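Student: Make a model of the complete structure from these sequences and hints.
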Amino acid sequence: AQKITQTQPGMFVQEKEAVTLDCTYDTSDPSYGLFWYKQPSSGEMIFLIYQGSYDQQNATEGRYSLNFQKARKSANLVISASQLGDSAMYFCAMRYRGGTSYGKLTFGQGTILTVHP
Amino acid sequence: NAGVTQTPKFRVLKTGQSMTLLCAQDMNHEYMYWYRQDPGMGLRLIHYSVGEGTTAKGEVPDGYNVSRLKKQNFLLGLESAAPSQTSVYFCASSWDSLTGRTDTQYFGPGTRLTVL
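Top to bottom, those sequences are chains D and U. Per our numbering, the first sequence starts with residue 1, numbered consecutively. Per our numbering, the second sequence starts with residue 1, numbered consecutively.
Keep in mind the hints are simulated off the structure, nothing from the lab. Any given hint could be a false lead.
To be verified - Residues on chain U that point at chain D, a partial pick, calculated with CB under 7 Å: (1) L43; (2) V50; (3) G110.
Said to hold, decoys possible - In silico SDA-like links for lysine to any residue, alpha-carbon gap of 25 Å or less: (4) U/K71 / U/T20; (5) U/K57 / D/Y25; (6) D/K3 / U/T20.
Quick caveat, the model's predicted, so the values are computed rather than measured. The beta carbon of each residue, even a glycine, is placed where N, CA and C say it ideally should be.
Tutor: Encoded structure:
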């Protein structure tokens, strides 16, 4: 069974500084994908970044980067130059990429990020 | 292109009442999903569909039924609502290519349901 663990219930960061949100996962499948979603106070789920298990390089999307350490089964999200608008709940999620997965996601419990001015 | 939409956005039910949540997507996605989100927890999969006319159980299916009569719509039904079903419900859709980064799930805005 797949499992996602986010051990930081809450994180605080000063505006313009970088912050790392932790995510570890557990799976025996060799082919999988890892996602990060942002959920602001308005409630919608916003896709941020994706990393495939066979991708050679760490994924980057603007100020977001994913620090993928396959041997450690970790997929930490790094947000550079934090902005006040980054204050939100962040979810790590995983999906098995096998033929019967049908794209189903397993989510972690989330980390609340607060950016201070 | 509206993406994924959900109706209603808010609903209050009394215990034992029934209701249907509607999810619609205009991206021609094959796969659709219903999740629930409870305080302090991530999203949990209720039911999903891999195509028109198909449905399957997810992690927490009890007390819910679904239907996918049209490719663009995925309905979630509560036949006899219980207070334990108070939650925020999210619909999502995707197309599983298995070949690249095109399998991202796109989420609707959510429905906040309260069962008294």
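Student: Could you run down the list of hints and mark each one as holding or not?
Tutor: Hint-by-hint comparison with the structure:
The beta carbon of U/L43 is positioned within 7 Å of a beta carbon in chain D (closest approach about 5 Å), and the interface hint is therefore held. Taken as an interface hint, U/V50 checks out: its beta carbon lies about 5 Å from the nearest beta carbon of chain D, inside 7 Å. Against a cut-off of 7 Å between C-beta atoms, the interface hint on U/G110 holds, since the closest Cβ of chain D lies about 5 Å away. At most 25 Å may separate the alpha-carbon atoms for a hinted pair to count; U/K71 and U/T20 meet this at roughly 17 Å.
For the given pair, U/K57 sits about 23 Å from D/Y25 by alpha-carbon distance, which is consistent with the 25 Å threshold. For the suggested pair D/K3 and U/T20, the alpha carbons sit about 30 Å apart, so the restraint of at most 25 Å is broken.
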